[in-house]
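Required output: the full structure, derived from the provided sequences and hints.
Numbers in our numbering are just positions in the sequence shown, counted from 1, shifted up by 2.
Since the hints were made in silico from the structure, they are not lab data.
What you are looking at is a predicted structure, and each value in this text was computed from that prediction instead of being measured.
We put the beta carbon where it would ideally sit given N, CA and C, even for glycine.
Just so you know, nobody snuck in bad clues.
Okay, the calculated beta carbon distance ranges per label pair:
hint, residue 1, residue 2, range
1, Ile357, Ser320, 21 to 29 Å
2, Gln301, Ser205, 44 to 52 Å
3, His135, His11, 17 to 25 Å
4, Cys271, Lys240, 43 to 51 Å
5, Ile376, Pro298, 26 to 34 Å
6, Tyr21, Pro388, 44 to 52 Å
7, Glu342, Ser99, 48 to 56 Å
8, Ser99, Glu459, 51 to 59 Å
Listed below are the simulated SDA-like cross-link pairs for lysine to any residue, each with C-alpha atoms no more than 20 Å apart in a straight line:
hint, residue 1, residue 2
9, Lys366, Ile306
10, Lys262, Gln397
11, Lys410, Asn400
12, Lys18, Pro29
13, Lys366, Val316
14, Lys18, Ala90
15, Lys264, Pro429
16, Lys18, Ile202
17, Lys266, Glu459
18, Lys18, Pro207
19, Lys70, Ser119
20, Lys93, Asp106
21, Lys362, Asn310
22, Lys70, Glu198
23, Lys100, Ala90
24, Lys247, Thr131
25, Lys424, His254
26, Lys276, Leu347
27, Lys53, Val136
28, Lys196, Phe399
29, Lys424, Ile248
30, Lys212, Leu328
31, Lys196, Pro52
32, Lys362, Leu309
33, Lys410, Glu193
34, Lys362, Glu216
35, Lys212, Val316
36, Lys362, Gly217
37, Lys424, Thr182
38, Lys196, Gly409
39, Lys212, Asp373
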Amino acid sequence: MKSPSSVRHVSECFIKPKYNREESEEPIYLSPWDLTTLFIHYIQKGFLFPKPSAFDSDQNHIQHLLEKLQESLSLTLVHFYPLSGRFATRKCEANPSKLVIYVDCKKGPGARFIHASLDLTLDDILSPTDVPHVVRSFFDHDGSINYDGITESLLSIQVTELIDGIFIGCSMNHMMGDGTSFWHFLNSWSEIFKAEGKAIAISRPPTYEKLFPEGHGPIISIPFSESEDQFVCRDKEKDKAQLEKIREGIFHFSSESVAKLKAKANAGCNASTKISSLQALSALIWICITRCRNIPPHQKTNFIMVLNNRSRLVPPVSQDNFGNYLHPLVVTTTCGELLEGGFRLAAWQLHQAVINHTDKEARKLIESWMDSPIIPRVNDSMVFDPCSILLGGSQWFNIYGNEFGLGKPIIRSGGANKFDGKVTVYPGTEGGASMDLEICLQSHVMTSLESDMEFMESASFSRSL
3 MKSPSSVRHV SECFIKPKYN REESEEPIYL SPWDLTTLFI HYIQKGFLFP KPSAFDSDQN
63 HIQHLLEKLQ ESLSLTLVHF YPLSGRFATR KCEANPSKLV IYVDCKKGPG ARFIHASLDL
123 TLDDILSPTD VPHVVRSFFD HDGSINYDGI TESLLSIQVT ELIDGIFIGC SMNHMMGDGT
183 SFWHFLNSWS EIFKAEGKAI AISRPPTYEK LFPEGHGPII SIPFSESEDQ FVCRDKEKDK
243 AQLEKIREGI FHFSSESVAK LKAKANAGCN ASTKISSLQA LSALIWICIT RCRNIPPHQK
303 TNFIMVLNNR SRLVPPVSQD NFGNYLHPLV VTTTCGELLE GGFRLAAWQL HQAVINHTDK
363 EARKLIESWM DSPIIPRVND SMVFDPCSIL LGGSQWFNIY GNEFGLGKPI IRSGGANKFD
423 GKVTVYPGTE GGASMDLEIC LQSHVMTSLE SDMEFMESAS FSRSL
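This is the structure we're talking about:
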């Protein structure tokens, strides 16, 4: 890839809902699941499209696209009105050392919308084995944490025009919602965009009722330090330096490859055990990455699966409920036991952990948090270590249906919430049961993984449109 110039901001504006809803006058108080994300980064995902040939001959085409995106976004925010607001705070009256954070839907100028440009091609982005670091500049809120939503937009869209492509990057404050809610918003925006102003109704209207532990809510306070630096405790330059050391690769697992892994994981299991495709794939990456890290056998390793609690709660919460319902499910063993036990045992251990995660377990964790609120930070040693892997995302999200009149996209993400051992699952570009994995590792470990026979027997590089 040629040496890139920096992204140039052409213009920006703020987008408010097309019209106000009565509900937007009321504050939205955050649940414990929401508040646990206070010090992590925004969600940053985006779409890469080839630029239609007509755009080269007439600059009015890009302007028309921008106007249509802005208009449809304004209509979408009628349904997702909290995203046009800001966070507000107040000290707890009963205890000034505690802070209440909530969403003021009327505060601020709205969602941010940026038009940018960069003199690079699709090939510059897609041909390297690693995802180029320049992709991180396709997103707003670089390095911002959710707490910054007090002064920064809760939602930002950046449309970056490349020489022969267009990238639409979305940054959403993670305290507003998890991946399920993030893709719900994007799917709804795409739906309204396709309607071309003929309809504002959407197939899945969001709901905003929050779930609180019994005897708590809706107002929850958290420990607060008078010094914001002490309270937030961040170092953007250090975070940036650590991120620069990370290599990021996209690996494709075909439907056939996934089916083979699933069959291998279930071989010899009794009829009641049904290890899923994702559990089988997770076992493979846990073993292969651990082997490539060359960790001493006695060292403990964790595999952390970020689960969606909505369907696990009793009664279940609708997938249309906008907010956070994530649970970090941790499976622990030693590196020696993991490698000696092999693929089938690892898959079975992951499967057992998932089926044992019930409504009772989900509620117990959040009730424990209420007794002693601990808010983790990215790379926090209390919740993550360099011998572990954290798996997020889902192969069930509707990603490739978000076309915005430009065809089927390629998914890429920003620099937010990335660290050594972070793995994100996407549905595979080929469809079916295929999956794509975005894997972040230290450089030498990634080099070893690319040469690992067991891993590469199932995986291939994913680069092209």
